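Q: Read off the chains here:
Number of protein chains: 4
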Amino acid sequence: MERNSFLKLVKNYKAVFLDSYGVLKTHHGLIKGVENTLDLLRSQGIRFKILTNDASRSRQQQVEKFNELGLTGLTTEEIITSGTLARHFIEDKNLQGSIAYLGTDSAASYILQSGRKSISIKEVDLENCDDIAGFVFLDDEGFDWNTDINKTINLLRIKNIPVVVANSDKLYPVSFRDVAVGTGGIAKLVENILGRKFIHFGKPDSQMFVYAYNLLSPSQDFSKNDILMVGDTLQTDILGGNKFGLRTALVLTGNTSNRKADMLISSTGIIPDYICESITS
Amino acid sequence: MERNSFLKLVKNYKAVFLDSYGVLKTHHGLIKGVENTLDLLRSQGIRFKILTNDASRSRQQQVEKFNELGLTGLTTEEIITSGTLARHFIEDKNLQGSIAYLGTDSAASYILQSGRKSISIKEVDLENCDDIAGFVFLDDEGFDWNTDINKTINLLRIKNIPVVVANSDKLYPVSFRDVAVGTGGIAKLVENILGRKFIHFGKPDSQMFVYAYNLLSPSQDFSKNDILMVGDTLQTDILGGNKFGLRTALVLTGNTSNRKADMLISSTGIIPDYICESITS
Amino acid sequence: MERNSFLKLVKNYKAVFLDSYGVLKTHHGLIKGVENTLDLLRSQGIRFKILTNDASRSRQQQVEKFNELGLTGLTTEEIITSGTLARHFIEDKNLQGSIAYLGTDSAASYILQSGRKSISIKEVDLENCDDIAGFVFLDDEGFDWNTDINKTINLLRIKNIPVVVANSDKLYPVSFRDVAVGTGGIAKLVENILGRKFIHFGKPDSQMFVYAYNLLSPSQDFSKNDILMVGDTLQTDILGGNKFGLRTALVLTGNTSNRKADMLISSTGIIPDYICESITS
Amino acid sequence: MERNSFLKLVKNYKAVFLDSYGVLKTHHGLIKGVENTLDLLRSQGIRFKILTNDASRSRQQQVEKFNELGLTGLTTEEIITSGTLARHFIEDKNLQGSIAYLGTDSAASYILQSGRKSISIKEVDLENCDDIAGFVFLDDEGFDWNTDINKTINLLRIKNIPVVVANSDKLYPVSFRDVAVGTGGIAKLVENILGRKFIHFGKPDSQMFVYAYNLLSPSQDFSKNDILMVGDTLQTDILGGNKFGLRTALVLTGNTSNRKADMLISSTGIIPDYICESITS
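Residue numbers (the numbering used here), protein chains in the order written: chain A, 1 to 281; chain B, 282 to 562; chain C, 563 to 843; chain D, 844 to 1124.
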């Protein structure tokens, strides 16, 4: 497929949805020039939202993290995480009882906030768990994999309760060479073993797109044709954007290298409308 | 799980989403008493939408079919089909070229309407298919399974184009004893063989819920908590409703029998908020 | 990976297992030079067996087909088909009753021979099928896809009987450009829809390797290290050979092109011990 | 299905293959009366082999473990483990270099014995792993799940080497209430994340049956019809036995309770030839 200039392309849209990792930043830090691109979007009145599969940090913590990296001026309203969605879901669900979780207490404190009783899987007593009314996979840290994955499986064998996966990514990058199993990978293992289906939040599922779209366009003044979804991963960003009915642009600064892009598009059948080197040119 | 009275339960909601087959009708015809239930909903100001995985009939044809069965007074606005969603998607996508399809010409005429060029897989010339820009799985009828499924596979090996599945149901009931493979089943076979992922419309995916919700509540005056999703199938109606954040009620007049309901809920982990015998009591 | 000369390599082995399609022949006919290779094997005392996923022809018919293509001198003992295995299995199983099948009557006559009662799905009466004690997926021809796949599904919903898939290949080539869904693809669709697991015969499953090995080496005078498995398909020939403990050689005359071989090996993790252009050099 | 007396049934066979956990013992210890059954088999000249998915103990350690439980008189020849098979496979494969493993050093010492260089994943240096020529999933203990599963994934991203799973069980019981993720479950997670297929040993795959059969009947004096496979798990023991062509008996002393047996047989389509309460009556 032909390569497009993002800076030219974006002028045809009223709004842009941007993936975070691989589009704005990598393990090296901020991708050089993204500040300028965001400034350009602002100056031209093109609105944007950052859509990221992440449940470990609140929107405020995301803003602060971008500040540290040198990208200032973002607002919490501009960042939508899969954790945000999981939090709304749990609030709406209004479960009577305590929510058990696999993950850090800090992730729990923002996702399960507002006075709700919650309990880390570490603290759960399997002999005495009548009060537990829901379960959330929050993060791949904050617990002991040696014992707490088994404990989760045993809890969910005893209790048939709603289970939420606050970030469906199976894998995430930790350095140029290394990756790590994410919350979504652990949840998949447990689903596989129990033969059940949990409720997953994050791209490519459409709740995040629905949420961002409603936030952008509460009185429906934007049509889907006005919005460009930009991402580095076919299976999440592009598949999700296509499915929601947005135009999609694949960038080559992250998961999908220039060398492999055409082969991956052809073998997966997930076809972006455009391919751009990066969002900076 | 305890059984609830639907007629009592529904009074707590401002709106209801109803599955069609197994909730309003079966292969025997209309379920006795559903007219009264719909009248009651209308008289109490509880709004409703019928959400059905079907791409073979337009909304107008659906209304006429219900009329024939004896359920009069429905409007096209009250019926949302997966075909409707596929049609909007294709319109929005604005593909340049012809759309090939597997299904009846009548389904094609309403889903691919509005002057767009379309061509049945039967008529496609694989030696000369440059013009084809998209493909839709519409229906399990209107083509020859012996040849046209293979032809579809060969077309999609040559052309890497967007592929839409207008009804994701793998199976549908045709009599008390018999079922038939649906469009979604054929699409799954082709996905499996090509190793690709198509864009599926229909429950449990959330586009239909998004669409119905926006139609019901254009100025967002209904919260999700105000809506009850009612269906007979855990994997589509209940999973989809749960995921979208609605309260869900399983009825026992269709796919899920009273005898098997608890076992299926426990083995799938898909948990309705309520179980009701039917919508008529 | 480095490319090897098959003719040099094979001298280190006492026996060779050869896939048929893509190794000995293609849709064009016999691959030029394979007669010489087989003559060479014979003259050097290297024994060989042809292992093919095929249930449509008996071993004798296979020999005749090779004769037609110009490869003479093969014996039925040198050809092992997945159909042979399915036949032995059904004989051993000694089911009391009739065997229903999806496929041609000619395939049925050799696989379900020896006086056993058998019945094509076309002839099955679903109202009166008490006598049916087993089911075999034989071939992708000999029935009407429009009706008989559904009929198979409905039969297997009524009767919980052993189901055998006599050729597990999901796809087979019919010309340079075109492929067709094979018996294994149809069986997979039915398994997927019913949520069951059938008994599949054919590479990569090991029964065919066991059978060939026992035939070659009844008094266990060959070790597995003495045998080279040669095939053009990673997922069947190479995976099956590796798993059975043979050395494996991928040839590039069929499914796996020279251009894609390294990429496919790396992405599937199925690693042949050797790669050869063909068996003729 | 009807229930059969094992003690009557077994008289029709020349040999029996017995699963271990759920047939001979449970988490409570030896199932009462199995000594008598084994004595009876011996006295009547019915030969038996114990086939178990286990890679954590050598055959000698298995014998000792049974001795501790009170079942004396077993020989190492009577016990076949998936670990035995993996060990033979690795020996035959003759990989040039070191084998990395996930599991205990004690399991490594018997599976990777005979002077072969091996290295625990704990000790692997990802910057310097040129020498590693194969990988084995041995056990769910002996490493730190928090770090070493990720390390395994990163190693296998760098090195495309043969990977063996020495016990394919995804789950195993640890008490009346609790289960734990087994080696097979961890391997499945890694396969899922890498998109690769490893070489799995253990029921239902047929290598263990081939091995036991050859051991029992080196001069092929037993036919498959002479052998009864006995197990408590449909997906491993019964599926594997059926597929290999043996008669199969499900016992109700383990995974499959009397209450659920018929439902599970019907929903999985895995059909034992017989159902027996236990091997003791």
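Quick caveat, the hints were computed from the structure, so don't treat them as lab data. Some clues are possibly wrong.
Below, computed lysine-lysine pairings styled on DSSO-like, alpha-carbon distance capped at 27 Å [unchecked claim]:
id, chain 1, residue 1, chain 2, residue 2
1, A, Lys170, D, Lys1067
2, A, Lys260, B, Lys403
3, B, Lys478, A, Lys197
Just the calculated beta-carbon pair ranges, DEER-fashion [what the hints assert, rightly or not]:
id, chain 1, residue 1, chain 2, residue 2, range
4, A, Arg3, C, Gln606, 50 to 60 Å
5, C, Asp706, A, Ser175, 52 to 62 Å
6, D, Asn879, C, Glu685, 42 to 52 Å
7, A, Gln60, D, Glu911, 54 to 64 Å
Which residues of chain A face chain B? A partial, calculated answer using Cβ under 8 Å [unchecked claim]:
id, residue
8, Phe89
9, Ile158
10, Lys159
11, Pro162
12, Val163
13, Leu194
14, Gly195
15, Gln207
16, Ile265
17, Ser267
18, Thr268
19, Gly269
In this text the structure is predicted, and so the values were computed from the model without any measurement. In this text, a Cβ means the ideal position worked out from N, Cα and C, and glycines have one as well.
Q: Run the distance test for A/Lys260 versus B/Lys403: straight-line Cα separation, threshold 27 Å.
A: 35 Å, violated
Q: Is it true that A/Arg3 and C/Gln606 lie within 50 to 60 Å of each other by Cβ?
A: 55 Å, holds
Q: Return the status of the interface hint for A/Gln207: holds when the least beta-carbon distance to chain B is below 8 Å, violated otherwise.
A: 6 Å, holds
Q: Against chain B, run the beta carbon of A/Ser267 and see if the smallest gap drops under 8 Å.
A: Holds, because the Cβ-Cβ distance from A/Ser267 to chain B comes to roughly 7 Å (cut-off 8 Å).
Q: Hint check: is the beta carbon of A/Thr268 less than 8 Å from a beta carbon of chain B?
A: 6 Å, holds
Q: Taking the closest Cβ pair, is A/Val163 under 8 Å from chain B?
A: 7 Å, holds
Q: Can we keep the A/Lys159 interface hint, with Cβ of chain B closer than 8 Å?
A: For A/Lys159, the interface hint is violated, since the closest Cβ of chain B sits about 10 Å away, which is over 8 Å.
Q: Go through the hint on A/Gly195 and say holds or violated, using the shortest Cβ distance to chain B against 8 Å.
A: 7 Å, holds
Q: Look at the Cβ atoms of C/Asp706 and A/Ser175 and judge whether their distance stays inside 52 to 62 Å.
A: About 57 Å separates the Cβ atoms of C/Asp706 and A/Ser175, which means 52 to 62 Å holds.
Q: If you take the shortest Cβ to Cβ gap from A/Leu194 to chain B, is it below 8 Å?
A: At 7 Å from the nearest chain B Cβ, A/Leu194 passes the 8 Å test, so the hint holds.
Q: Let's test the interface hint: is any C-beta of chain B closer than 8 Å to that of A/Pro162?
A: Interface hint status for A/Pro162: holds (6 Å vs cutoff 8 Å).
Q: Go through the hint on A/Ile265 and say holds or violated, using the shortest Cβ distance to chain B against 8 Å.
A: Holds, because the Cβ-Cβ distance from A/Ile265 to chain B comes to roughly 7 Å (cut-off 8 Å).
Going through the hint list in order, the structure does not satisfy hints 1, 2, 9 and 10.
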